[in-house]
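Undergrad: One letter stands for each residue in the lines below.
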Amino acid sequence: MKFTASKEKLSAGLQKVLTVINPRSPIPVLSNILVAAQQDAVHLTATDLDLSVRVSVEANVAEFGETTVPAKFTASIVREAPADEVQIELGANETAEIVSGSAFFSIRGISANDFPALPTAEGGQALAVDQKLLKAMLQRTGYAASTDESRPILNGVLLRFKEGRLSAVATDGRRLALVEQDVEVDSQVALDLVIPSKAIAELIRSLGDDGQVRIRATASQVIFDTDNLTVYSKLLDGAYPNFAQVIPAPADHRIVLERELFMNAVRRVALMTSEKSNSVKLVFQKNRVVITASSVDIGEAREEVPVKYDGAEISVAFNPTLLAEPLRYLVSDEIFMEISSPTSPGVIKTEEPFLYVIMPMMIS
Amino acid sequence: MTKESLSALWEPVLLRIKGRVSADVFSRWIEVIRPLSWEKGKVVLGVPNDFYVLWLKENYLPLLQQCLLEERGKSEEVVFQVDSEPRPEPAPLEPPEPRAPRRKSTEARTAPALNPAFTFDNFVVGPSNTFAHVACMAVANKPAQAYNPLLIYGGSGLGKTHLMQAIGHAVYRTAHSARVCYVSAESFLNEFVDYVLNKTTNDFRRKYRGMDVLLLDDVHFLAGKTGIQEEFFHTFNALTNARKQIVLTCDRPIAEIVGLEPRLVSRFGWGLVTELSPPDLETRLAILRKKAAGMNITLPPEVMEFIAENFRTDIRKLEGALTRVVSYASLCRQPINVETVSRLLRDTVEKAARQISVDAIQKAVAETFDLRLADMTSKRRPQSVAFPRQVAMYLSRTLTPHSLPAIGEAFGRNHATVIHACRAVENRMRSDPAFRETIDALRERLQQP
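Chains A and B, in that order, are what the protein sequence lines are. Counting from 19, one number per residue, gives the positions in the first sequence under our numbering. Counting from 224, one number per residue, gives the positions in the second sequence under our numbering.
Source of the hints: derived by calculation from the structure; they are not laboratory data. Treat the hints with care, as some may be off.
[What the hints assert, rightly or not] So the derived label-pair ranges between C-beta atoms look like this:
(1) 225/B / 136/A: 57 to 65 Å
(2) 503/B / 198/A: 35 to 43 Å
(3) 56/A / 255/B: 56 to 64 Å
(4) 24/A / 603/B: 36 to 44 Å
[To be verified] Stretch by stretch, here's where chain A covers chain B in the computed footprint (C-beta under 8 Å, at least three residues):
(5) 241-247
(6) 377-386
(7) 590-601
(8) 605-616
(9) 655-669
Here a beta-carbon is modelled for each residue, glycine too, at the ideal position from N, C-alpha and C.
Assemble the whole structure, with the sequences as input and the hints as a guide.
TA: Right, here's the structure in full:
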């Protein structure tokens, strides 16, 4: 194997796959990246057995071949390379020689035969959706997934294809994020995929803005495929809970807020929360909301933000992180908040297809 | 605690909650809650699935506790539990019942043929059988009012007969005039045949239809026997109409019994159907302890654990193993340790837990970590070799009955190295879930026959 590639592109490719690697894996070959040189491209693959990512990088290939090289070292070497081009050649005993400008490295690898085979999705269903759309949907839901391992089914995002619509849902028991979009998929297709958070993070990081992403899925595996990126992930096992139950009936009060203004105010006020009193209180009055927080041993904060509202005064308390988090990923300037009582769930909606349910905290 | 007194306690709490949340929230999340038990400051609340447990715990627990505190004047521990059993229908209205002829109080009642050991006191409760236990207690406290009929199903040796007879004991002891009958489906059939042969079926009917509590064990035995099913159908109707308690056991879900008349199947499901599943390790240990205490015997804890580990699915076999060990100890007057016990129970230990050799462990570990088998015993000590070797030692320690020195020898090392290895691996397992998974996968692979 021998090829030359642009330092910048090779480095970007290595960074994309690097995040997959579990640095403490007991199986040595899993700390390595599979490097395969073919026609006009080099394919870089990393896996932790549950999630595998394959990136293709343009290269000038002199000799086909493949090997695996230690991920961290190789990524650092390429990043620090002195010249614009990097040449990698496989020497004897699976030793890779990396040359850039006047720098020379030789690094001991492991035979590519020891690298686990990538899963296939033969016999599974195949679909295609817009890359940018999928990325945005995952961005707006992924953060709401649970990290509590006692309920594994919630440690990911549900992608539900049904009647020509795609729903993305994530919840951790205290909030729920949902995005529903019409997609150009056969309306006969009914498919539930629960994709682990690690794969979601990889997709958000790596999906581009143009073109389609092909999705192939079997009962236990899913493959996302674009022109230069393939993400293979196992699916979370089990049925996703009935999330529709969480979405409350339309509320009595609708408040129009300016997204960034509100988000920044919540973040500022939240500075005065502590582990013990981790809530901000919102008091909605005519055309304004007063956001307050106080911790006995730290101090107090108070900020007023103009809103559009002309109902009766209503107060409600939320966890500030859960309240501000979805706002980061939205783009519209205005958001709508629906609140029916201090003990009922609050709902955040926007002009874009997005719905967020957040459970209030008890005001004592 | 009976269902009635439970709901009597729960109802006012429910009302308080209703005042605090919107009708929407109440009907979505609160109304479905069913109190399952309420004892010693601990309330167990049943909900339809795990998602309810999560959502209620995360969002409504403080509210629930607040309402409980206000209602009861003291704080109560709240535990949610998934109760997948069908919710009992509200009690049917009083039917215009043909009242069973009242018995004269002087009429002698015969003691039911019950095993004196099968009482509630002797029943070890664990997560696998809590619900069944609670249901049986409810029936024993208020026969024919809580759940009627009560159907207990579960595999062989999980305590069906025990629970059923415990109901018999409790009712016979507390209700002084109650007539209790315990009969296995097989004797029920044989008895019926006898009565038919002697042309005295009326006596048979009088006998069974005069019972206050009928405990019929192993109803699956009735499958495919239409004559007795017909007879039992009428007995069943007579008893339920007269508001008498019927308790049934079965070794599988009732719908899976082939050759049982649909009208019986539907009737069996009228009341409450409850399942017994195999006990977890803690419960098995508790059973052994209780049994050993009953025999006035103390065994070393590691011996108890060994027995509990190796007899997983059948409590009868579990207790059998204990009896065997105890009798061996008293006959041979030898100290009991894991080695003697594993030798003693060699032929009865379940297949799943077959002997795993240190060789097999070394081989599997070497494969998993991509090492040569020779590395397992070599003196080389780079981390990439040493750590898998520690893993192999740890697995040998936990999966084989060999002693520390024996394991040490198999690795060309001494017992202290093995102890150190076990600690190192256990520490790593605590701090690294991914590693733990690797170990669990290895262990599973080794235990597969």
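Undergrad: Now tell me, hint by hint, if it's right for this structure.
TA: Okay, the hints, checked on the actual structure:
For the hinted restraint 57 to 65 Å between residue 225/B and residue 136/A, the CB-CB distance of approximately 59 Å keeps it satisfied. Distance hint for residue 503/B and residue 198/A: a CB-CB separation of about 41 Å, consistent with the stated range 35 to 43 Å. About 58 Å separates the C-beta atoms of residue 56/A and residue 255/B, a value consistent with the hinted range of 56 to 64 Å. Between residue 24/A and residue 603/B the CB atoms are about 42 Å apart, so this pair conforms to the stated range of 36 to 44 Å.
Counting residues of the stretch 241-247 of chain B whose beta-carbon sits less than 8 Å from any beta-carbon of chain A gives 4, enough to reach three: the coverage restraint holds. Evaluation of the coverage hint for the stretch 377-386 of chain B: breached, as 0 residues show C-beta separations to chain A shorter than 8 Å, against a requirement of three. Only when three residues or more bring their CB closer than 8 Å to a CB of chain A does the claim for the stretch 590-601 of chain B stand; here the count is 3, and the claim holds. For a cut-off of 8 Å, the count of residues in the stretch 605-616 of chain B with a CB near a CB of chain A stands at 4, and the three-residue condition holds.
With a threshold of 8 Å between beta carbons, the proposed coverage of the stretch 655-669 of chain B by chain A holds, since 5 of its residues qualify and at least three are required.
Comparing the model with each numbered hint stated earlier shows that hint 6 is the single one that does not hold.
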